[in-house]
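A.B. asks: For reference, the chains in residue letters:
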Amino acid sequence: MATRDPARFWNPYLAGVALGLVLLASFVVMGNGLGASGASLRFGVAVFEAVAPRVVEASPALRRADAGGHPLDFWLVFEIAGLMLGGFVAAYTSGRLRLEVLKGPTCRTAARLGLALLGGIVMGAAARATRGCTSGQALSGGALLSAGSWAFMLSVFGGGYALAWLVRRQWR
Amino acid sequence: MTLPIWSLSGGQHELGLLVGVAIGFGFGFVLERAGFGRAQKLSAQFDGYDMTVFKVMFTAVVTAMLGTIVLGGLGVLDYRALVEHAASETFLWPMILGGLALGAGFVVSGYCPGTSYVAAASGKVDGMVTVLGVVAGQLAYAGLEHRGWLARFHASGAHGRLFLYDLLHLPARAGAPMVGLAVTAMALGCFIGAEKLESLLAGRAPAPASPGGRAGRLVFGGMTAFAAVALAAAALPIDSGVRPVAPGRLGAEALARRVLERPWATRVIDVRPAADCAARRVPGAECVALDQLAALGLADESGARDLVLVGEGDLDAVPPAASAYPGHVLALEGGWKAWESYALTPPAPLAPGAAPSELEQYQLRVGLASALAGMKAAPLPPAASAAAPGPRKGGGGGGCSG
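Residue numbers (the numbering used here), protein chains in the order written: chain Y, 1484 to 1655; chain S, 5 to 406.
Same shape as in the complex, but just chain Y (with noise of 0.2 Å):
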């Protein structure tokens, strides 16, 4: 690790021994899974409490958010602010930390951020429907067996699957 190159990554199975330990981590001292897109939910509630709050008045779901306090007052919102802060650790001493849009050479920057947002917002409606998202249900959910978890992370390869020959030029 002294050298910085971008280009190496740790070994996969040791690095899925390091998630999995930072999940157990989690299960046995906080009781909770690790997660993201419930944070993310809670951005944009805080977000339109500032701006309109009479949108979050009208639907259940984003009042259940508010509940309790302040809707970033939530135990998720802060393993994500720690996230982004390893992330950023990590990217810095591996010199990986780059302000830059990830895309194939060929492919146009504004279509490469088109289909990002597009993406996100297609995971993040979907990330509700099932209840988490790949960290929430397929890592965690998964490793205590949940049988709808099992079923999501299938469904997830599937969709992948069926779908990235379509897009695979951006990456060319």
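Simulated from the structure, these hints should not be mistaken for lab results.
Check the hints yourself; a few may be wrong.
Unchecked claim - For lysine to aspartate or glutamate, the following DMTMM-like pairs were computed, each having C-alpha atoms within a straight-line distance of at most 20 Å:
#1 K341/S with E305/S
#2 K45/S with E93/S
#3 K45/S with D1488/Y
#4 K341/S with D320/S
#5 K341/S with E362/S
#6 K45/S with E1583/Y
Said to hold, decoys possible - Label-pair distances were calculated between CB atoms; the ranges are:
#7 L19/S with E1583/Y: 33 to 39 Å
#8 A359/S with A1490/Y: 50 to 56 Å
#9 L205/S with H1553/Y: 47 to 53 Å
#10 P356/S with G1552/Y: 46 to 52 Å
#11 P1588/Y with G357/S: 57 to 63 Å
#12 H1553/Y with P277/S: 42 to 48 Å
#13 G226/S with A1490/Y: 24 to 30 Å
#14 G226/S with P1588/Y: 37 to 43 Å
#15 E1583/Y with A269/S: 48 to 54 Å
#16 E1583/Y with G225/S: 35 to 41 Å
#17 H1553/Y with P175/S: 54 to 60 Å
Even glycine gets a Cβ: it sits at the ideal position worked out from N, Cα and C.
Following the hints, position chain S against chain Y.
C.D. replies: Then chain S, alone, in the frame of chain Y:
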């Protein structure tokens, strides 16, 4: 059983948030170093030549699965309370169709919701845009999920908390290690297949794949050993009812919602003395005093409904007769006293122009009050009906009192 530390989500909430930052730091650091902050690395999984995502994810799942099962088997971790708290309920159709959509969104954006935060933190503008998209998608769905057909879809295929060992009709204590062993074996098979596939395609791959090498073989060996330990730990006589098991807890409002909205999914048993229960009780509750619980034969039930026990105050341990129930056992937080002050005390009238959230609370409590007032006669105490098979009751009582 001291773990998990529940006070971190309760009294020591602030400390819990700090622990959250620390755990998140580890999460983000590992994801970045595994290569999950780069869209190319993630989407390469779906082009077939780089199996990193699959290897990392599946290894992490198996590691955490075996860790929780072993710690639970050794009695260090309250495994049952953990799965009750940390796993979400299963809604089959939204999870399958939503999973397909999420997989599609994954390859279109190049990230999943968690890794988009890592990418954003390492300066990737496409990651930042994905973060915004996820927030927008979450808000849009959550804002509409109570309406019309979306509400029906959102609640379809509901199975409550359902685990793989439930599908095989195995109890959690023996079932989790057995299914865990099967999952580990399946993972090892898949890893070997993934290594073969990568070396097969290495010739035309644009980037070097992710060989497991010696470290990989070490991890495989470790997994096999831990799966064996998990199975052995389950055979230890530690958890055979000697130590009282702390029940999962359910608040008065949560119970009220279950009783009014999904009565078929819950079975409420009031364990207070029969006279108290006959006078006033939770709607739909059965009156079965603690010493008569064994006569219900809960161990032979299917376990499809969640069992909720109502005591006078907090129940600090599940009675042995109820802990044999194959389904999930919960206790009403604060017992009857909490119910009395929540559901039987009429809510204060609302001032004009109250917020919709207050209105919803008010309606729930008014509904409860009328449901309770409309209940005229107490149902027969089950002691009378359970008395019919006389010998069984006598046998059960004798076995239980010892």
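A.B. asks: Hint compliance check: list the failing hint numbers for this structure, sorted ascending.
C.D. replies: 1, 2, 5, 10 and 17
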